[in-house]
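Engineer: Chains as they are written, first to last, in UniProt numbering: chain Y, 1 to 237; chain W, 1 to 245; chain V, 1 to 306; chain F, 1 to 388; chain H, 1 to 224.
FYI, nobody ran anything at the bench for these hints, they're computed from the structure. Predicted model, so just to flag it, every value in this text is computed and none were measured. Hints are supplied without guarantee of correctness; some may be wrong.
To be verified - Below, in silico cross-link-like pairs of lysine-lysine (BS3-like), each with a Cα-Cα straight-line distance of 30 Å or less:
1) 223(H) to 225(Y)
2) 37(H) to 83(Y)
3) 42(V) to 267(V)
4) 125(F) to 223(H)
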Amino acid sequence: MSTVVFPGDQLHYDENKPLNIGPGVYCDPKSQKVLPINAGSAVVSDSKKDQSLYIDYDSKRYIPAVGDLVVGIIVGQYTDSYKVSLSSFSTSVTLPYMAFPNASKKNKPTLKIGDLVYARVSSAEKELEAELECVDATTGKDAGYGLLDGGMTVDVTLKFARHLLFDNSFPLLPILAKHTQFEIAIGVNGKIWIKCEEVKDTLACYRSILDCQSLPVSNHKNVVKENFSKVSKVAEA
Amino acid sequence: MSRFEIYSPEGLRVDGRRWNELRRFDCSINTHSHAADGSSYLEQGNNKIITLVKGPKEPSLRSQMDPTKALLKVSVNITKFSKTERSKTSHKNERRVLEIQTALTRTFNKNVMLHIYPRTLIDIEIHVLQQDGGLVGTLINGITLALIDAGIAMFDYISGVSVGLYDTTPLLEVNSLEENVMSSVTLGVVGKTEKLSLLLVEDKIPLDRLESVLAIGIAGAHRVRELMDSELRKRAEKRVANSTN
Amino acid sequence: MAKDIEFSTSENKFILDALRQNLRLDGRSFDQFRDVDIKFGKEYGDVTVTMGKTKIHCRISCQIAQPYEDRPFEGLFLISTETSPMAGPQFENGNSTGEDEVLCVRIIEKAVRRSGALDVEGLCIVAGSKCWAIRADVHFLDCDGGLLDASCIAVMTALLHFKKPDITVLGDRVTVHPTDEREPVPLGILHIPICVTFSFFNPQDTEENIKGDSNAEIAIIDANLKEELLRDGTLTVTLNKNREVVQVSKAGGLPMDALSLMENCYKAYTITEKLTDQILACVKEDDSKRNQYAGLLSSENARDAT
Amino acid sequence: MASSEADTVEVHPVTFPPQVLARISPELSLQRHLSLGIRPSLKRFEEFRDVHIDQNTLSRYKLENAASEDSTNSVLGSNVLKSGKTFVITSITGGIVEETLPVETEDPGEQELEDLTKGRDEISKFAPVYPLVEVERGRVGAPTDEEMTISQKLHDYVLHSGLIPKSSLKVQCGVRTTEKSGEAKVLYPDEDVDVSTSIRTLSQRKWSYVLYAKIVVFSRTGPVFDLCWNSLLYALQDTRLPRAFIDERATDLKMTIRTRGRSASVRETYEILCDPRRSIPLKISRESVGYASSFGVIDLDPEMALDQEDHDMEKEERQPILLADLDTEAEEACIQSTICIITDSNGNLKNIDILGGGARVTPAILRRAINLAQLRARNLEFLTAPEV
Amino acid sequence: MSIIASTGILNHVDGSSEFESHSTKVVCSVTGPIEPKARQELPTQLALEIIVRPAKGVPNTREKLIEDKLRGVLTPLIARYLYPRRLCQITFQVMEAGEPELEFSQRELSCCINAAVLALVDSGIGLLAMASSVPLAIIKGQLVVDPNAQQLQESQSVHTLALEITESGKNVQNILLLDSTGAFTQNELFQILSQGEERCLTLVQELRKVLGDRINSEIIRTKT
């Protein structure tokens, strides 16, 4: 169930149940009124105990939230942490050396400035710099986080990145898989890292993802096909 | 303006040169050994410039520090008395001067081995005492000399020269009288190659003439390189002789 | 200087790798100029140029002013190119002292103003006391590389499109006729300079570039933003349809072989020819569109009169 | 942190003296004051600061004695206004420019032209002043945003209020003739009919005055737009314009210029000169004079009030209240809803600026503010009235 | 009234819009929340950098005043306490003034406000309410809503009204800006408020439609 709401509209939910509010919803500290602050579809999910409410809206700029999986660029190095950029011009976030698997005071990670990392946001307070971790805090294992070597990143809108990451029925990745083998890391900060064996295949994936961002789902298949054939034509020549 | 005959039927220019003749080229290095790490004084025709190279040194601002390579900074000071008519305003922030500085910085960025001096600043200061056409070329030569004097590693010489085009005749190294009445091209040539680091055309030139202009320019630049080279070798030999005594 | 766009090493390496295999990010070939889209606003001299994701708006305006004392027979012409964060957060508002901004301003200045593309003597009204001052305001709306080339197209199209009010001079008294009263007059355009920018990449190491004979450097036309941020050197050639080189600027950067530079100039000429034709066709088309309405209006007036 | 008895934490209420509280939490301090029915400046809610003015003390033309003028002084009108601790000093200077109006017909008569523009173009009948506002802060530098916006506001509002008709800025140009005796004499068209025709033949050009105003604010304690406006208006009301003339001999001057093989004869611009002795008052349209008052609107927050009485807070809705003449840092920082009104005493409004960033600006509050502004305009009008 | 509006027209900023009414046309871009320069940073809230650029000529005090008024309107609209120590750049480019620039700025101001609302929503920066704005004029005692350039010149007084609107575009929360100048009476003022309110309410519906259409088409496009 979803309806499109705009900032300042009234939200419909069960007033008697405890309410969890998510992105796009704001509780005015003075009047305790709950109102949407973004334009998008309002999603209310009900459970027995409580209900949660959030607005599904699209944007280009990422604001860190705990638990998000992100792709970042190392832009600086301090004595005990890296400075990581999640999107250009945003305030950078920190990635402590201790947030790596098997980290100790002697065993420091070896990332360099300019490297790409896949990480999870471990803390995000609006007044402070957010923090990342490259380790699964519960198991202490690397869990797929860490350096992304080679490949290419694609900048997409946040909503599109969420579709790719969470929507299992979204057809783009299976279509790509039919054409080539690839490694992929999707950051909800709108950065998608992709790597194939060959440069030309990576490039075809890059163009396909960019193109499909603004096309109906039904067109994806043809667009991907076109991109792959175009790339191989140039490569043959 | 037509009082002068720019190029006479006999093949002579206003200052008596032939079409393919360079101007007088007098240079010396290590002229300001107390003021800078490397310095040169160059007279190319009536252009007179002093170049000072300071560095590689620790940058005064943190933002100038690059952990992978040295930062090259060029500042050009065109004095108010450098032309016949004294200019009323300072040239410091003129767009033309900013453009020249940027062009020079980018020319030498690719030629100086910046990666072997990380976290440092190489500061190049040029003072133009007198100018008479083809200034940018002269500035390039001055910097090359001063950088070599400072002992900063470079891949090769860069020599600068200007070429004018009078009707269909290219004239090597224009002076300001010639520069005012015809289009001219400035080249910065790398060593003995035919590679151009800098190429500036500021006025209209027929596209089909450009190639011949470039050809004479490259030849002229190679000659300038030889002149600089012989002066540098003379200096070096003298120094070697002094130290063995 | 505002912050820069952040780049990862992988991205950097990938773009170069692709170039080595003759591939560009956006699928163009090395010599391919982006398609140029020209749109006119309601008024004369209001032009929006779109090239891929680069978008530039140019607006010409005029007013009566006093000529410079040392040039009493010439009108005034000014091109203003100020940046704003609208084109991208890397630009600072009104700050044009950055290296690239200075070069961009200077090259447009040389290409259009100093080359005499606009007939400034035709702007003179009363010698020494009154003349037209023409102003071109270039607004960068969206920057995906090629600002310089697009600006030059925008300024020239706008100048061709612009019309100034007609005037009558009686002694030292100048009468300006409002545009709805008398058909305004176009400016005198003497030639149409077109800028084409090449970006150079070095697929080998620096030493090979300077000492070697392979000349394997890559030159691409009309780079987009990512390519611009990674390039090692650039060359801007300004030509017009009369096979005249108006301006060439290779301000340092990767040393390039003289012959390949000449080759680039010839490539630029074919683009210049094509773009000049396109600009003229667009202006002509818009002009006839406007005249069609003018014709309609005047016939209606004629009917009213009868 | 050696204490191990973590479970016996004592909470002490922290108290601050009023001045310190005002610094730490201006919002709270302001609300506390308001709950007592008083403002941090100790004014009542709808009380204005007293205003004192001094007219023409800096001007070239002193009102009482036209002969004793100072010819090196270029100030045409001035005012010093004091409101609370703040001083505003306005000085009016002027210049003369040639008019470059686009002319519609070949040579329309004066009256004809006015008829043409009438009704069609209301705003072009009036002229602005060009103000430069400086708020002294003990340092120099580029003008601040506040200075620029106040300057622009003054410019716009003077223009739109129709205070200065363009006709009153037209230069009635005189002619200086040198008699045979060698004595120079200046004749003005409005005094001598012959001259008016001779001027018309001499020159077809027209000149007009432009007015500049320099406004300097000392010891700013709050928003100052209303003070600047009032000071400017007082100054304009007593401004005098010098008479101007052209020299008969200069009218025929022609000059040949030659460049690049071309030559043309250019008529030299007329030297227009100001008469050192004579002046005329600037005619402004009296019915357009209005005075500015500023207001703020703020919600009283019962939670922040000093709880002397324990009456039921819940039932009280937050009531927006009106504060007149915003002053002090606390009010400026905490009050987001402001109203600025320029009106005369009869309720002819010239300008209203409402910014509703905070408390709600209700119609009732707006009416009340207009009423107060009207009353205050009457008081301010009295200040310039000749003393009885 | 005929307005033409669209969002998401620029690629390198976070939000953008184009708003056209009569012959006034404004492009607005929004970038944020991003890292501010040290001098811009505010400890508890989002700092706004507002830039207005005129169609012709260089920015002047006139644009500064428009910027100042826009700041007054936009600051209370943005959920600025959600983004402490961050910066939001809002840039306006006037494409066509649609009014004599020396004397008037009402049309440009109100178009800028509408464009800003669209661009802010597009950027995803939190807003507490919607807003809309309309210029008005009184010509010989007659109230004209959304006057054109000619009407502005004939008017005795000109006004710009901006309202904060909540609850599905039905409830007027507050007057964000009323900027009236010229010669007018108290009655006329209240007439302006009531008729302006009517127009603002319909305008906000149009703005919602522009934004809603885009969101809906997006939902349909990505439906699997």
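Engineer: Hint by hint, note whether the structure agrees.
Structural biologist: Hint check results:
Restraint check for residue 223(H) and residue 225(Y): satisfied, since their Cα atoms lie roughly 21 Å apart, inside the 30 Å limit. With a C-alpha separation of about 18 Å, the suggested pairing of residue 37(H) with residue 83(Y) holds against the 30 Å cut-off. At roughly 35 Å between alpha-carbon atoms, residue 42(V) and residue 267(V) are farther apart than 30 Å, so this suggested pair is violated. Of the pairs offered as hints, the one joining residue 125(F) and residue 223(H) is violated, with about 61 Å between alpha carbons and a cut-off of 30 Å exceeded.
Consistency note: the structure conflicts with the earlier hints numbered 3, 4.
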